[in-house]
Amino acid sequence: MDDSGFLRRIVGSVVRVGWPRTRRTRLSAMLSSLLLHVQPSRVTVRSLRFGTTLGLGLVSFFLFVILTLTGLALMLYYVPHPDAAYRSMRDLEHAVTFGMLMRNAHRWAAHGMVVTVFLHLCRVFFTGAYKAPREFNWVVGVSLLLLTLALSFTGYLLPWDQLAFWAITVGTAIVAYVPFVGDDIRFLLLGGHDIGGAALLRFYVLHCLILPLAMVGLVALHFWRVRKDGGLAAPGHGRNRRVPAWPHLLFRELVLFMVVVAIINGAALLFDAPLEGPADPTRTPNPARAPWYFLGLQELVHYGALLGGVVVPSLLVLALMLLPYVDHQPAGIGVWFARERRFANSVFAVVVLAVVYFTVVGTFFRGPNWAWVWPWVR
Amino acid sequence: MSNWVTRRRTLLAVAAGSIVAAGAGLAAALGRFFIPDVLYESDRRFSVGRTDQFPKGTGTLLAERRLFVFHAEDGFYVVSAVCTHLGCNVVHEEKKGFACPCHGSLFGEDGVVVRGPAPSPLPRFAVTLSRQGELVVDSRRRVGVDYRLRV
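Residue numbers (the numbering used here), protein chains in the order written: chain A, 1 to 378; chain B, 1001 to 1151.
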């Protein structure tokens, strides 16, 4: 029997086109693969430049892939019950080979994803890339940001330590400030009045199944719309030379993925995810903090609960969702900090700075009793 | 106008309307599924012990229950230890009132907000005497500042 012919039949049945060497086979390689055909077969040289997008959307996606893989691994050891949750965290730290590494990678990738999704939103704004025909994809993107925050928040409770318990106490107390239905939403979220077994199970199912599935669906829609809306936003003028995505785009993506994996791995090796004492409802740490990305919110809540906890964030999300339908002038699309968009960019920059300011103050400048503390004094 | 309201459009609207109504009804019914009927948490009405465990003129923190039992000259009353701001446990300081360690809210001896971000006073719960002579707190029943259980 001819061995090489046998092997070629098997490989040929999986990959229809051989290793692509010509321009024509490179294009068909992209089109004939389920994974690759999500991407265009040819891309503009401009969109390949790192400075065009800073790769933030891709990095967010790569982090989500890492989170899915490490999360699935962690699920094999984690038990979502108040009696066992904290013990399984200790097991991951001390009794599972590479358990700590896996948990660290999951933690840092999660924090990283909150950051990169937010930065991605900023990039899209400052390049005017939410304008027609991409309005709806911007709305999908804002939903993905909210989903990212929800995923991170539900994951925060799972370690069932003091940090988790009181962060979720504070976080769900903010939810209760919603007028009329706040207490009911909190009850529904916790599956009871207290943060107990029912709440842990609900957060677990949300974190491991419901929200990730929603994420996968919305990410698919997001990617699909990028293609359908004409690829990356670009100014109408100038030359847009196209090159085959194989290898130009794929190689860059591979490099970026390796860099992200390396950074997360490095962070996981160098820095351990925090784990405090087991959750104790009778002992409140001073101060009790929400997760860091909600500390800006907690800082606002410190000034006024309803205004800071409900009104301001709701208006912010609403404004983001409606933005592309209000600011619809087709000017400065696909250009960083376009002159025509100086006003819009300035307003957005102020909002971003405010978000960063409140988050930094809540994270570094607040000590016991939420009093002002200089970070170097602490 | 009469051109717009055709038989076809009317039938379509009725059909679409019934699908939406059926869907909404199903969603409302299934939505009820997510609200638990049985709660495996501590009872909202519970005994905190015999009256003689709380000497006259003292306030006792029951950490597990997250409340204070006070035995004043004119009777017993129960104050929640859960800050109304974001749910941290408050600390009682004699003559000063209740202080929340999380965001610096301060409540007077009567539970009313003196300063800080807390939006409302510390709730007070109804307390009754059981036949066995034990104080029974009902944390579902809020009562006013003047409420006292005289024994």
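Hints in this document: simulated from the structure, not taken from any laboratory. Wrong hints could be hidden among the right ones.
[Claimed, not checked] Label pairs and their calculated CB-CB ranges:
1) B:Pro-1123 with A:Asp-229: 44 to 54 Å
2) A:Val-377 with B:Ala-1029: 50 to 60 Å
3) B:Glu-1064 with A:Leu-254: 52 to 62 Å
4) B:Asp-1138 with A:Val-216: 26 to 36 Å
[To be verified] With a cut-off of at most 20 Å between alpha-carbon atoms, the simulated SDA-like pairs for lysine to any residue come out as follows:
5) A:Lys-228 with A:Val-43
6) B:Lys-1096 with B:Thr-1058
7) B:Lys-1056 with A:Val-43
8) B:Lys-1056 with B:Glu-1109
9) B:Lys-1096 with A:Val-43
10) B:Lys-1096 with B:Val-1112
Treat the numbers as computed from the prediction; the structure is a model and nothing was measured. Think of the CB as a built atom: it goes at the ideal place given N, C-alpha and C, for glycine as much as any other residue.
Next item on the list: Please work out if Lys-1096 (chain B) and Val-43 (chain A) have their alpha carbons no farther apart than 20 Å.
Entry: With Cα atoms ~70 Å apart, Lys-1096 (chain B) and Val-43 (chain A) exceed 20 Å; violated.
Item checked: Hinted pair Lys-1056 (chain B) and Val-43 (chain A), Cα distance within 20 Å -> violated (82 Å)
Notebook entry, point to check: Per the hint of 52 to 62 Å, is the separation of the Cβ atoms of Glu-1064 (chain B) and Leu-254 (chain A) within bounds?
Noted result: This hint holds: roughly 56 Å between Cβ atoms.
Notebook entry, point to check: When you check the alpha-carbon spacing of Lys-1056 (chain B) and Glu-1109 (chain B), does it fall within 20 Å?
Noted result: Given pair Lys-1056 (chain B), Glu-1109 (chain B) holds - Cα atoms ~16 Å apart, limit 20 Å.
Check: Val-377 (chain A) and Ala-1029 (chain B), beta-carbon distance inside 50 to 60 Å?
Finding: holds (57 Å)
Margin query: Please verify whether Lys-1096 (chain B) and Thr-1058 (chain B) have alpha carbons no more than 20 Å apart.
Written below: holds (14 Å)
Checklist line | Range hint 26 to 36 Å (beta carbons of Asp-1138 (chain B) and Val-216 (chain A)) holds or violated | finding: Once the Cβ atoms are compared, 47 Å apart, the range 26 to 36 Å for Val-216 (chain A) and Asp-1138 (chain B) is violated.
Next item on the list: Verify the proposed pairing of Lys-228 (chain A) with Val-43 (chain A), using a straight-line Cα cut of 20 Å.
Entry: holds (14 Å)
Item checked: Range hint compliance [Cβ, Pro-1123 (chain B) to Asp-229 (chain A), 44 to 54 Å] -> holds (53 Å)
Next item on the list: Assess, step by step, whether the Cα of Lys-1096 (chain B) is no farther than 20 Å from the Cα of Val-1112 (chain B), and give holds or violated.
Entry: holds (12 Å)
The structure shown violates the earlier hints numbered 4, 7 and 9.
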